[in-house]
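Protein chains in written order, with numbering that gives the first Met the number 0: chain A, 0 to 415; chain B, 0 to 311.
Any given hint could turn out to be false.
Keeping only pairs whose Cα atoms sit at most 16 Å apart, straight-line, the calculated EDC-like set for lysine to aspartate or glutamate is [stated by the list, open to error]:
#1 Lys1(A) <-> Glu115(B)
#2 Lys126(A) <-> Asp104(A)
#3 Lys227(B) <-> Glu203(B)
#4 Lys1(A) <-> Asp81(B)
#5 Lys134(B) <-> Glu13(A)
#6 Lys142(B) <-> Glu89(B)
#7 Lys227(B) <-> Glu292(B)
#8 Lys139(A) <-> Glu122(A)
#9 Lys134(B) <-> Glu100(B)
Here are some chain B residues pointing at chain A (derived, C-beta under 8 Å) [stated by the list, open to error]:
#10 Phe21
#11 Arg90
#12 Leu92
#13 Arg179
The set of hints was computed from the structure by calculation and includes no laboratory data.
Even for Gly, the Cβ is constructed at its ideal location relative to N, Cα and C.
The primary structure of each chain is shown beneath.
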Amino acid sequence: MKRVFAVARREYLERVRSKAFLVSTILGPTLLAGFMIAPILLARQRGRPLHVAVLDASGGLGADVTQSLARRKVAGEQRFVVETAPEGPIDQTRAALQERMVRNDLDGYLFLAPDALERSAAEYYGKNVSNVMDLQLMDKAVEEALVSRRLAREGFDAERVRSLTRRVDLKRIRVTARGAREDRGASFILSLVLMMLLYTTLAIWGTAMMNGVIEEKTNRVVEVVVSSLPASRLFAGKLVGVGAAGLTQFVVWAACLAAISAAGAGGASAAGALPELSPPLLVAFVVFFLLGYFLYGAMYASIGAAVNTTQEAQSLVFLAMMPLILSVVFYPMVLAAPDSTVSVVLSLVPFFAPLLMFLRMTSVSPPAWQVGLSMLLMLAAIAVITWAAARIYRVGILMYGKRPTFPEIIRWVGRS
Amino acid sequence: MGPIITQLSESAIRLSGVTKAFAGHVAVRDLSLAIPRGSVFGLLGPNGAGKTTTLRMVMNILGADAGTIEILGRPADQATRDRIGYMPEERGLYPRMVVEEQLAFFATLKGVPRSEALRRVGPWLERVGLSEWRKRRLNELSKGMQQKVQFVATVLPDPEILILDEPLGGLDPVAADSMRDTLLDLRRQGRTLVLSSHQMETVERLCDSIALIDRGRKLLDGPVREVKARHGKNTVVLAFDGDGTFLAALPGVQKVTDFGRYVEIRLAEGSDPQSILGAAAARLRLSRFEIVEPSLHDIFVEEVTSHGVAAA
């Protein structure tokens, strides 16, 4: 046991002290924070209000549209600076407006044709017509003006109609055993973020494990090590050591994530968008990470033992990556119907469980027996795979030269 | 129990009928060896003879297909293997690990407590002249210095038996000399040294006893002196001026090997070196005549040839 610990200690320290670890541990949360904060900052960056002219050929609509546009506000600020185009021959006015646009004196103009009301149509001529948000706003402003005019013509009170036909605000409230709370998409985003975190860490640390094994082989240090302790213990020590390093990184990331969402809570709590990061969920996260890591780590390690170089590993790595990729492929399906039979079965499969069962835990609350069963199945799979991997490892670490074929590797498992 | 075991087991390592086959070929066939305690033992043979496979089985890196291995009088297990220091032919250390950490790590793998291992690092590094490299990463050291670190890693746990695969391989003459001194030092302390090499001459002088193996089989073994005596004093070294081509045709001469400044003449069994001296002196100006023991190389070639004939 002491020797397994010595191996684990060495693996852990070598990894944690490496520059790559420092960079990714710090860079990870920084990027994550960037991804979460940048859109908010960008959304606030709207630029100056648009300066538009209204060219009215419809006779009478112009004033309504101008007023309607002037009422549009984003974050408390008026979005359009509106002016009325001077009267005169239409073509001449158009030319004058276009010239002002070229001079940067104007962002664009709105043309209301004589039959604008009948056709329910208008034209916007702008320097930029891909600013979707602003154009949607303009669209709505013109529509409101036109609809109000038609309502008035039929003898309705436009304000009253608007208040009677206003949109429904459908609140989404998630009910769990711990109570109910409003959810504006935060739990979806949370499960997505945590899933991607799980996926990347599993892939990264599995690969790290594999490269470590290949490196020991290339350095020939492995023969010295296995002359002192059995290959299976070296294998166990490596799994534990690399896993502990992964967990360390993970804890740092989780702490950052918690800090970010806590910091975000200050600004976002008014909107009630605080993600639900309950302690049981965090525990489940760590447990699934560890189980997933041991499962995939053992597979990656045996691939490392079977090959001579990282290049040779590529074709076999596919075997280990496949279940992980499939989990991501199944992700939308499980998300759409977390309680369907297919979802339940998929989330019980050991290779998919770390991602899919966890996803189900964040969206619905699956029965405890399902969570328990998936963990049990994973433990069983880990036992089988580490047993086979330790055997492949024992034979493979001393094999140099030709890369073994897949059937050959399978034969190693049967060898005593 | 302890003293009795010590008395009963004169062998540091004993192999009985050990066999190991890999897919398609037998690497070691029915090999029995007794390596005496407190001596220097040479496991000699050409590349591919099965030396490394044998040593790997002793260290349980490979499992034997058949036969038994005893270490210090007890069946080989983890505890007895902890008393062996093993330096494989393919040297290997962790390139990014600090020298001191590296040494402590390998010692803990042998069951030495970490603090004790760290205490031993200083004196050993001083002995091999690497004191100032203690805190440096291995990949900052030269190849020669890395070899020394590897050796220190092997001896740091203070093993009773040292197994060194090609101990002088890759060393420059000065380093090889100091390695020889260190090995003899360890032997003086009563340790058993097992040296494996395909360069028989370089190891020969260090060994008390040897085993010659070829293609997985033992050709012969025993104390070096006995081995040589068994093969008789049937080699003559001759240095001379003139044309010595006639020597090969003399009666009783089996083989003449020309080394440029002298020739080595192998005599057939029963022929008298004196008759060669007479014949040579009659036609050449001799500057040296010596009857010598056959070299291990010659013994090996002879054994291989005779066994080869027997096998065919």
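| message | Hint check: Lys134(B) vs Glu13(A), CA-CA at most 16 Å. Holds or violated? | response | With Cα atoms ~15 Å apart, Lys134(B) and Glu13(A) stay inside 16 Å; holds.
| request: Given the hint that Lys134(B) pairs with Glu100(B), test it: the Cα-Cα distance must not exceed 16 Å. | output: Holds, because 8 Å separates the two Cα atoms, which is no more than 16 Å.
| message | Need the status of pair Lys1(A), Asp81(B): alpha-carbon distance at most 16 Å? | response | holds (14 Å)
| query | Can Arg90(B) be said to touch chain A, with a Cβ gap under 8 Å? | reply | holds (7 Å)
| request: Quickly compare the C-alpha distance for Lys139(A) and Glu122(A) to 16 Å and report which way the hint goes. | output: holds (13 Å)
| request: Starting from Lys142(B), check that the Cα of Glu89(B) is at most 16 Å away, please. | output: Holds: Lys142(B) and Glu89(B) sit about 13 Å apart, inside 16 Å.
| said: Hinted pair, alpha-carbon criterion (16 Å max): Lys227(B), Glu203(B). Please report holds or violated. | reply: holds (11 Å)
| said: Run the distance test for Lys227(B) versus Glu292(B): straight-line Cα separation, threshold 16 Å. | reply: Since the Cα atoms of Lys227(B) and Glu292(B) sit roughly 6 Å apart, the hinted pair holds (cutoff 16 Å).
| message | So, as I understand it, the hint says Phe21(B) touches chain A; can you test that by seeing if any CB pair is closer than 8 Å? | response | This hint is violated: Phe21(B) lies away from chain A, its Cβ roughly 10 Å from the closest one there, beyond 8 Å.
| query | Can Leu92(B) be said to touch chain A, with a Cβ gap under 8 Å? | reply | holds (6 Å)
| Minimum beta-carbon distance criterion (8 Å), Arg179(B) to chain A | With a closest approach of 22 Å, the Arg179(B) hint is violated.
| query | Given the hinted pair Lys126(A) and Asp104(A), is their alpha-carbon gap at most 16 Å? | reply | holds (11 Å)
In the structure shown, a violation is registered for the earlier hints numbered 10 and 13, in ascending order.
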